[in-house]
Amino acid sequence: MSHAEIAEALDIPKSSLTKLIRNLTQRGYLRLVPETRGYRLGDAILKLAQQSNQTRSLIACAEPVLADITQQTSESCALNQLKGDQIEVVATVISQQRLQSHMRLGDLAPLYAVSGGKAILAYLPDQMRDEYLRSLTFERFTKNTMSTKKALLATLEDVRKQGFATSSEEFTPGVFGIGVPILSANGFPLGSLNIAMPTVRYSTEVCERAVAILKAAAARIQRQYFGG
1 MSHAEIAEAL DIPKSSLTKL IRNLTQRGYL RLVPETRGYR LGDAILKLAQ
51 QSNQTRSLIA CAEPVLADIT QQTSESCALN QLKGDQIEVV ATVISQQRLQ
101 SHMRLGDLAP LYAVSGGKAI LAYLPDQMRD EYLRSLTFER FTKNTMSTKK
151 ALLATLEDVR KQGFATSSEE FTPGVFGIGV PILSANGFPL GSLNIAMPTV
201 RYSTEVCERA VAILKAAAAR IQRQYFGG
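Take the sequence shown: its letter number 206 is residue 206 in the UniProt record's numbering, and every next letter is one higher.
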């Protein structure tokens, strides 16, 4: 499409469109075709589409694994992914027990307040984690919610050492969470798996068993996702 055709289709002034097109072209979302002086979609659009396909692929790999986690633990579980500076539930299986913790598709939570969020935050590249911490403002959801960067950094160090994260009533009263990361080949957190249980069912033994199940589940997803 030509500059004029795009301006007409969007119903915006050509002067405003010029700045937008320059920005999109520099970022690779549009490409100028010299022969026609028109614009077509650039390679960055293809990368976005590939990322979308990868997300769907990860969910497809995780869904049967989530069912197995809940079958083994009798607790609700979820697959989570980074969304901006929060964590989003992208797949979930709910416990059939009468007393249960609900995790709904699309639910968002701060990274610092939930186990699945900490599991992702601990494995982010240093630059991404530092940027997150610089802009972080703590919100108090319960009396147990973390409220200082010093405490959060110490927690993230423990998560990297142990390979799992926990959250004891830090976001939702009465709920204990256990989360593990799903890592790419170079160690980037593609997402996390977590279990959420009523605190009345929590014990050290339950936690140890849940961690083992979650780590095995994450490894299974990684094998399926990467084809190994």
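Some hints here could point you the wrong way.
What the hints assert, rightly or not - Here are the simulated SDA-like cross-link-like pairs (lysine to any residue), alpha carbons at most 25 Å apart as the crow flies: (1) 143 x 183; (2) 83 x 97; (3) 150 x 86; (4) 83 x 98; (5) 83 x 67.
Treat the hints as calculated values from the structure; they're not laboratory data.
Structure-based check of each hint:
1. 143 x 183: Violated - the C-alpha atoms of residue 183 and residue 143 are around 31 Å apart, more than 25 Å.
2. 83 x 97: 30 Å, violated
3. 150 x 86: 19 Å, holds
4. 83 x 98: Distance ~31 Å between residue 83 and residue 98 Cα, so the pair is violated.
5. 83 x 67: Roughly 24 Å between the alpha carbons, so the hint for residue 83 and residue 67 holds.
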